[in-house]
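Could you build all of it, start to finish, from the sequences and the hints given here?
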Amino acid sequence: MHKIALIIRREYTTRVQKKSFIILTLLMPILMSALFILPAYFATMDDEETRTIAVYDGSSVILGRLENSEFTKFKFIPEEEYKNIKDKIQSSDYYALLAIAPNFLTTNTVQVISGRNIPFDLKSQIQDKIQNVIEKDKMAEVVRQTKVPDLEKRIEATRTHINVDTIKLGEGGEAKKSSTEIGMILGYIFGFMIYMFIFIYGTMVMQGVMEEKQSRIVEVIISSVKPFQLMMGKIVGIAFVGLTQFAIWVILGFTILSASRSFYPGTTHAQQIQNVMAQNQDAVQAAAPQMDKMQEIFSMIDTINFPLIIGCFIFFFIGGYLLYSSMFAAVGSAIDAQEDAQQFMLPITLPIILSIMVLMSAIKSPEGPVAFWFSMIPFTSPVVMMARIPFGVPAWQLVLSMSLLVATFVGMVWVAGKIYRTGILMYGKKPSWKEIGKWLMYKS
Amino acid sequence: MELFSAKEVSKTYANHQALTKVSISVEEGTIFGLLGPNGAGKTTLIRIINQITGPDSGSVWLDGRPLKAEDIDQIGYLPEERGLYKKMKVGEQALYLGQLKGLSRRDAMKELKIWFEKFEITAWWDKKVMELSKGMQQKVQFICTVLHKPRLLIFDEPFSGFDPINTDIITREILQMKKDGATIIFSTHNMESVEQLCDHIALIDKSKKILDGPTQQIREKYKSNIYDIAYRGDLDIHGHVLAGKYNILSNEQNGMGNKLSIQYPDGSNSRELIRDLVEHVEIVSFNEVIPSMNEVFIKVVKQNS
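Sequence lines, in order, name chains C and V.
In case it helps, the working numbering puts the first sequence at residues 5 to 448.
In case it helps, the working numbering puts the second sequence at residues 83 to 387.
Check before you lean on any hint, since a few could be wrong.
[Stated by the list, open to error] Heads up, simulated PhoX-like pairs for lysine-lysine below, C-alpha to C-alpha not over 20 Å straight-line:
#1 V:K171 to C:K22
#2 C:K22 to V:K168
#3 V:K210 to C:K22
#4 V:K216 to V:K261
#5 C:K22 to V:K169
#6 C:K22 to V:K305
#7 V:K381 to V:K290
#8 V:K150 to V:K209
#9 C:K230 to V:K150
#10 C:K7 to C:K22
#11 V:K231 to C:K7
#12 V:K168 to C:K23
#13 C:K151 to C:K140
#14 C:K23 to V:K169
#15 V:K210 to C:K23
#16 C:K23 to V:K305
#17 V:K384 to V:K305
#18 C:K23 to V:K209
#19 V:K290 to C:K7
#20 V:K231 to V:K195
Simulated from the structure, these hints should not be mistaken for laboratory data.
See the structure below:
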């Protein structure tokens, strides 16, 4: 036991002391948030090209009634010009040509002709504007026929926007506002983090095993300890590296959270609960608008059961990591060179990649059959179950999934140990699957 | 007293027999040469002694009792294919390997200081292994093997990668450890060092032990009645009466002195040879040729094939 502790310590300290580990640990949250935020940011960025669109209105319904917006100008053109340019819009000064046919009111269809692909934004802008004009006309017509005073205003008043506050009842019956959106985001983040950790640290185990085999130090070490001790020492040592990294992120995360919270005075935990309770009783409706968006998010974050999520994360990280890293260790022991790794890596990486694909559908319907089954299968459960947990998972499912994972990784570690024991001393040609199968049968 | 023994050890891998009922016995405080051609099964036997792998049948004994897992700390092993963590610092690594052999950190540090000073390599302590030359790495590796003062040392080709000066240093250290009571199993293809170091040898070929005994006795056993003689006087061997009775291997006559290499047939003896020689020449020296281990090795392995 003393010796395995020595191995764990070496595997841990040599990695944690590396500059690359420290830098990566600090940079990763920034990179990750950039990965999530940047695409969203780009998507919301305005299209800043000024476009002039020629409009020919054969029906005279729309004529002169399209308002210019900041970047989109409409120019109504007469029939002669329309005939002139309709076949050579590319060579004209116009970005596109909007053609409205004389029978437009019966077909409800207009054409936008351009030499380029029309951006989606522009298309919907044109659609909205024309719809508005037509709806206004129709409304005026109804008002004229029915002669109901203020009809327009009355219809306008029927429009309603409903806010759905999702309330989750706690054990003690205390009500908290929860948020499906935040659940999805957390599910995605935690599922993705498990995926990343398994991949990064599993590969790290494989590299470590290969390093020992290639540098031939392995024979020296296994004349001091059992091969299984060496393998487990490495796997456990690297697991601690991963947990260290996670702990740093959790601390960083909560520090940032409470720091940003201090910028919003008057939103202490107790007050928020009061607010939420008050809302529930429909008593102080007027208080709600005062709580700004930020406060609302904070109060929702408070409903997340972080101890459960973090506890499960650690469990599923360890379980999934042990399962996969033992396979990675077996692969590392069986091969001499990095180039040979591909063939053996594929069957290992496929289920991980599959689990990240299932993750997407699991966060959308966490109770669905796909999410359920893949959160039970041990090869995908660490990632998929993490995606479900922020939404709440029945205890029996959690226990079943965890037990299956434990049973599988115990079996896998045993199998990997057998392959490893023989593989690390085999040099020369790349073994076939059949040979690796034979190694399982060897007596120690 | 016997320190270590293997009794009828056999080991089979998927498609080949690595060891067939091999028995060896190693006396305490001696150097035991484990010889054999490549692929004969030496490494398998050494791995069994180190408990890296187990025998299919047969048993291994230490101190008159079956070898136990904890005995690993009493054994020091320098494998033929050796290496160190390239990116780890020399001192840190030596400490780690020493601790893996059961030394406390403090004891390992104390021993390492002594060795590093003895080998004059204290300046390497904070260097990464990859910065050292091959020979320097071998030196560090040697220290790591003997650091925990094991009772049984196993050296597999300990001199590979060393220049003659370092070979000499290591040889001296090995002999010193023997003097201090360590028992050494020594595997090599360098037969000169076997003659120089080994008290006892065993030769393994094609998974079987084919020769076993004290080095001196084995060489005596394989001598083939050949004598080197220095003489005064003129001896023309062509058509000579001696050439009829004996096998003349060479006869050199020059100003520096005359030398004859001669082999008597089975059934004859050295007294008869001397009697015949003195009739013709004046003998200056008369030496029996004892075969080198190299010759014994080649002869025995060829016979076995």
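Status of the hints after comparison with the structure:
Of the supplied pair hints, the one linking K171 (chain V) and K22 (chain C) holds, its CA atoms being roughly 13 Å apart against a limit of 20 Å. The hinted pair formed by K22 (chain C) and K168 (chain V) meets the criterion: a straight-line CA distance of about 15 Å does not exceed 20 Å. Proposed proximity of K210 (chain V) and K22 (chain C) is supported: the alpha carbons are some 14 Å apart, at most 20 Å. With a CA separation close to 29 Å, the supplied pair K216 (chain V) and K261 (chain V) exceeds the 20 Å bound.
The suggested pairing of K22 (chain C) with K169 (chain V) holds, with an alpha-carbon distance near 11 Å, which does not exceed 20 Å. Proposed proximity of K22 (chain C) and K305 (chain V) is contradicted: the alpha carbons are some 62 Å apart, above 20 Å. Distance restraint check for K381 (chain V) and K290 (chain V): the Cα-Cα separation of roughly 16 Å lies within the 20 Å cut-off, and the hinted pair is therefore satisfied. Straight-line distance between C-alpha atoms of K150 (chain V) and K209 (chain V) comes to about 37 Å, which puts the hinted pair past the 20 Å bound.
Only pairs whose Cα atoms come within 20 Å are accepted, and K230 (chain C) paired with K150 (chain V) is accepted, the gap being roughly 13 Å. About 23 Å separates the Cα atoms of K7 (chain C) and K22 (chain C), which puts this hinted pair outside 20 Å; it is violated. Pair hint K231 (chain V) plus K7 (chain C) holds up; C-alpha atoms about 18 Å apart against a cutoff of 20 Å. For the hint linking K168 (chain V) to K23 (chain C), the alpha-carbon distance of about 17 Å falls within 20 Å, and the restraint holds.
Simply put, K151 (chain C) and K140 (chain C) have alpha-carbon atoms about 16 Å apart, close enough for the 20 Å limit, and the pair holds. Distance hint between K23 (chain C) and K169 (chain V) is fulfilled; the C-alpha atoms sit about 14 Å from each other, no more than 20 Å. With a C-alpha separation of about 16 Å, the suggested pair K210 (chain V) and K23 (chain C) falls inside the 20 Å cut-off, and the hint holds. Our distance criterion of 20 Å between C-alpha atoms is broken by K23 (chain C) and K305 (chain V), whose separation comes to about 65 Å.
Restraint check: the Cα-Cα separation between K384 (chain V) and K305 (chain V) comes to about 16 Å, which is no more than 20 Å; the hinted pair holds. Distance hint between K23 (chain C) and K209 (chain V) is fulfilled; the C-alpha atoms sit about 18 Å from each other, no more than 20 Å. Pair hint K290 (chain V) plus K7 (chain C) does not hold up; C-alpha atoms about 36 Å apart against a cutoff of 20 Å. Taking the CA atoms of K231 (chain V) and K195 (chain V), the gap is near 14 Å; set against the 20 Å cutoff, the hint holds.
Of the hints listed earlier, those the structure fails to meet are numbers 4, 6, 8, 10, 16 and 19, in rising order.
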